[in-house]
Structures are given as C-alpha cells and as structure tokens.
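Colleague: So the protein lines, in turn, are chains G and A.
Each residue of the first sequence is one higher than the one before, starting from 41 at the first, in our numbering.
Each residue of the second sequence is one higher than the one before, starting from 41 at the first, in our numbering.
Be aware that one or more of the hints could be misleading.
The list treats identical chains as interchangeable, and a pair is accepted whether it falls inside one copy or across any two copies.
Taking lysine to aspartate or glutamate and the EDC-like style, the derived pairs with C-alpha atoms no more than 20 Å apart in a straight line are [as the list claims (entries may be wrong)]:
| no. | residue 1 | residue 2 |
| --- | --- | --- |
| 1 | Lys134 | Asp167 |
| 2 | Lys178 | Glu245 |
| 3 | Lys289 | Glu43 |
| 4 | Lys66 | Glu310 |
| 5 | Lys87 | Glu285 |
| 6 | Lys87 | Asp61 |
| 7 | Lys311 | Glu43 |
| 8 | Lys311 | Glu127 |
| 9 | Lys139 | Asp169 |
| 10 | Lys66 | Glu43 |
| 11 | Lys66 | Asp125 |
| 12 | Lys311 | Asp64 |
| 13 | Lys69 | Asp189 |
| 14 | Lys178 | Glu117 |
| 15 | Lys311 | Glu120 |
| 16 | Lys69 | Glu88 |
| 17 | Lys86 | Asp169 |
| 18 | Lys289 | Asp169 |
| 19 | Lys87 | Asp143 |
| 20 | Lys289 | Asp167 |
Calculated from the structure, these hints are not laboratory results.
Treat the numbers as computed from the prediction; the structure is a model and nothing was measured.
What follows is the residue order along each chain.
Number of protein chains: 2
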Amino acid sequence: MPEIYYPQLSNNALPVTHQIDVVDEKGRKQSISIPGERALTIYLDKKEIVTLMTLGAAPEALVLGYLKNQHLIDTIESIESIQVDWETDSAAVKTHTPKSNIDALTSKRIVTSGCGQGTMFGEFMADLDQIQLPPDAKLSQLAINQIIDSIRVHPSIYKQAGSVHACAVFRVINQAVELLYFIEDVGRHNAVDAITGLMWLDRQEGENLVFYTTGRLTSEMVIKGGQMGIPFLMTRSGATQMGLEIAQKINLTLLARCSGTHFLIYTGQEKILLELENTNL
Amino acid sequence: MPEIYYPQLSNNALPVTHQIDVVDEKGRKQSISIPGERALTIYLDKKEIVTLMTLGAAPEALVLGYLKNQHLIDTIESIESIQVDWETDSAAVKTHTPKSNIDALTSKRIVTSGCGQGTMFGEFMADLDQIQLPPDAKLSQLAINQIIDSIRVHPSIYKQAGSVHACAVFRVINQAVELLYFIEDVGRHNAVDAITGLMWLDRQEGENLVFYTTGRLTSEMVIKGGQMGIPFLMTRSGATQMGLEIAQKINLTLLARCSGTHFLIYTGQEKILLELENTNL
C-alpha cells in the first residue's frame, strides 16, 4: 500500500456534448452542441443507493463526492474501488469492510431528498457547528479579478453547449492564482460533489482556496463549500437568504454577481482587500 | 361536497424577497433584494416524507404537485387538507383514507433522489409509454412571440432578486395567448411541481397549453411537462440530450433559446407554424 492510499477508480468519462440539428425562427437549419445527460446508479457494496443524472464528465469523482457529502463513506481509505460502467449506467463502489448500518444511513435520505436537493440537509445543518474556516484568510481584489478572468477564458462545455453549471477551485497564495479543479455538470449539485470527490482524493485542505460556481448559492451549496473548508465562495449568479445566513454563521465570505471586474460582497467584507483599501495601507 | 371537490388548503405564501446591504468592488454600499429560501418538511398522514428547499411563494401548490409527481397521491379527492405552518417549517397533508403502503412508496425514492432530481426517475421513465399528447397540436410563431414577450414584461422575483427559476403555463387558442399560471422558486423542480399542483387543483388538461420555463430542460423537466399532457415546451435556456430524446419519444415539441423573437426548434418542427410557412398557405 503506497504512502498515500488511492482507491482503484475506473476512468470512464463520457463524451460530453452531442451535435444536433435544429431549426431557427426563420426556418434555417443549424447544427448545435447540447450537453449529454445520463443516469448513473450508485451501488455501495452491491446495495443500490441513488440514481444521479449527470453529464458524465467525471463520474468517479462525482460518486466519491456524493458518498462523502451524504455521509455514506467516512474515509477514502475505506474505499477499495469504484467501477463506472456506462453499459449498465452504474457505478459499483466496493469498500474494504462493508457497513452494517447502510440501510439506516440511506433510509434517512428519504426525508431530505427534495427538489434540487438530493442531500441529507438535516445532517448538513447539524454539521454546521463543526465547520472551522481559517479565521484570518484574506482575498485581494486583484486575485478576485484574476479568478473571474480565468473562468472567462477557460474552455467549457457551457460555451459550446450551454445548459450546464461549472464549479471551480482556485488556490490563491499572495497574489498568485492557480486553478486546481474545474468541473461542469447538468446539475450544480453534481458539479460541487465532483469537486468534493477530487479534493478528497488529493487530501486537499480548503486553506488558501476559493470556490467559484456559475450556479446560485442556495443553502446547500454554501454548506458544501464550508464542509470543504474553503473560506471564500464566489458566484457569477446570486445567493438566497438562507445561503447568506449560513455563510454568515460559519464566517464564509460570499461574493456574488462576479462578472468582469464587478462583484458584490454579500458577507465577509473584512476579508476582502479592495484596491482602495490596499492603497490606504 | 361540492360538484368539484377541493381539499382544504392553508394560504401561507411567504414574503419572497429580503433586502440586504452589500458592498460592491468599489467599496460602495448598496441595498439589494435576494430571494428567501426556506425548508418545508412534508408530512403525509403524519409520516415525514421529504424536506424541500423553497422560496415559499406557493407552498400548498408545491406540496400538491410534489405528492402527485412522486406518485404518493393518486387523486385530488383523496386529500382532505394541506396545512403549511412556517413556525415549524412543515406541511401537514391529511388524506381521507391513509395509504397502508406509504413506507414502500417512499422507500423507493432512495434510489432516485439524485442531485437536482429529488424525484422517482425510474417510475417516470416507466410512465413515459402512457403519456398521450394531442397529436395534431400546432403552435404559431405569432403565439410563440407573444409568450416570450408576456414573460418579458411579467413582474417577477427574478427581476427583483435573481436566483430563482420561473415556470409558466399559457393557453393558446387560435392566436389568442393567455397566461394561466406563473410560479417562481429557488429550484426549477419546485416551480414545475407547483405548476403541477395548480393544474391538478383546477382539473386543467394539457390540451392547447404551452409550458414555459427559464430553466434548462433536463430529462426530468421534459417528463413532467409530458405528464401534464402539455404538447409544447419552451425554455429561455437549453436542453440536455436526454431531455431531447424523451421529447422525441413522446412527441413533445421542444423550443429552446427563446428570447425576443428568437428561438430554436429542437424537435417537433412540423407542429410549429413559422411565418414563412403561414404566408405559403
């Protein structure tokens, strides 16, 4: 067993866009790209857990992150292998020592599998108190602008085909901005779960990281960001009141409407070093 | 009991937006509106079913539509009352004759409560064959333009606060376009479920109707549209490949990228009467 343990993962990303012929309002034929969408049923030690609808761009990472965010698997070391098979639209997850209480764990999800949710919201809320974010984290306006620009120029399914959400994680040290992860999926929840999976595999801590999403910051997106230990959340879109309240509760800095050089600080202003402040230092 | 039966429904819509103070990239304070987001836990005959995260603009309709789309309730007549209580964030649904197999029904959801899903996808797919849409339905370009314009000028939470999705249903008879329902929520699945609930209450058939959404037409949105018996789906956004495939399978006409006078016909071109065709008649 290597010093850092990795489960055996298949590498079955799908071709993510498809060409279709459409007709516009003037009757003109066009060929456009649209994103794929596939059902992926997760089996944990042969027990059927959930069916996710996904773009299929990072299925193994999605499964990993889903299992972690659902509290169905506690440690990466407990996972022996994940085999994604698109012939059967299934992901077989094998653990070293199957949990005996898996039924109890999964049955809880019934009460929280809501629209746009599909996660154990109750558990998340209970976990909020345990979230510890780096208290003295700061983010400069220059870094914010670099992040927005990096997303703008990054090749994406969205630019080709639309109808997907992207999540990205950046490392910011001093003024140096580095893109660590970029994931797109048909649901913003899948995209953030896949990021969670990649960070879990890499044992990536949240310190010095910024989470960016094209999607709306609803309660659950903010909670997942916090659970990754990431102190800064940025969205091209907006946030809901509960998303904001949770961010305030866990001292997570939330920036919305990030576009070009524009952004709105919803909470955590003291952690954002605006140029005007910098010049006053 | 009246000729048309209505369950007793509370009328507990929430104030849907909240003013917050934010700071922009130049350090300027602004006051903006953001949408509310509340947890609503549904109890069916005292059994906890699900927690939905919702804007709260039409909670009773959301609960109705959710129960119908989840196949948890078969007839509107079987529902005695729905009481939404925001003190406890709960919706108490009382039926005349509680189902004995409710555990079996809800346990099935475990396997399909995916991200952005929260619905019994497997059952939906099984139901596809039963969907019968009016085969000779037609929609004129003039009506399409009127629908897009009607949405453009309709007052909305989105215009105030962003971060919500809208679903609307229009009746089109000859060239006359009438807005029947307009619902916004933090998740597009909630919005379509609430529309389902309103149509169910009104015994509204899908004939002559057009469903419009600001959200992406993923598989589930298309299936729900088809289950409402609505022959035309329009979105300001795009569609996924599975959404398109399902639309083709059930002869549902799908228009995407609807904006201004522009739209793309993804499938069902023969049902769309473009101006150029009209002039040739």
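Colleague: Look at each hint and say if it fits the structure.
Modeller: To see whether the hints hold, each was checked on the structure:
no.	hint	verdict
1	Lys134 to Asp167	neither (26 Å within a copy, 32 Å between copies)
2	Lys178 to Glu245	within (16 Å within a copy, 56 Å between copies)
3	Lys289 to Glu43	neither (37 Å within a copy, 52 Å between copies)
4	Lys66 to Glu310	between (53 Å within a copy, 14 Å between copies)
5	Lys87 to Glu285	neither (36 Å within a copy, 29 Å between copies)
6	Lys87 to Asp61	neither (40 Å within a copy, 48 Å between copies)
7	Lys311 to Glu43	neither (36 Å within a copy, 62 Å between copies)
8	Lys311 to Glu127	neither (48 Å within a copy, 35 Å between copies)
9	Lys139 to Asp169	neither (26 Å within a copy, 38 Å between copies)
10	Lys66 to Glu43	neither (62 Å within a copy, 48 Å between copies)
11	Lys66 to Asp125	neither (42 Å within a copy, 50 Å between copies)
12	Lys311 to Asp64	between (48 Å within a copy, 14 Å between copies)
13	Lys69 to Asp189	neither (34 Å within a copy, 24 Å between copies)
14	Lys178 to Glu117	neither (33 Å within a copy, 58 Å between copies)
15	Lys311 to Glu120	neither (41 Å within a copy, 52 Å between copies)
16	Lys69 to Glu88	neither (43 Å within a copy, 50 Å between copies)
17	Lys86 to Asp169	neither (33 Å within a copy, 30 Å between copies)
18	Lys289 to Asp169	within (9 Å within a copy, 48 Å between copies)
19	Lys87 to Asp143	both (9 Å within a copy, 18 Å between copies)
20	Lys289 to Asp167	within (12 Å within a copy, 44 Å between copies)
The structure does not agree with the numbered hints 1, 3, 5, 6, 7, 8, 9, 10, 11, 13, 14, 15, 16 and 17 stated previously, though it agrees with the rest.
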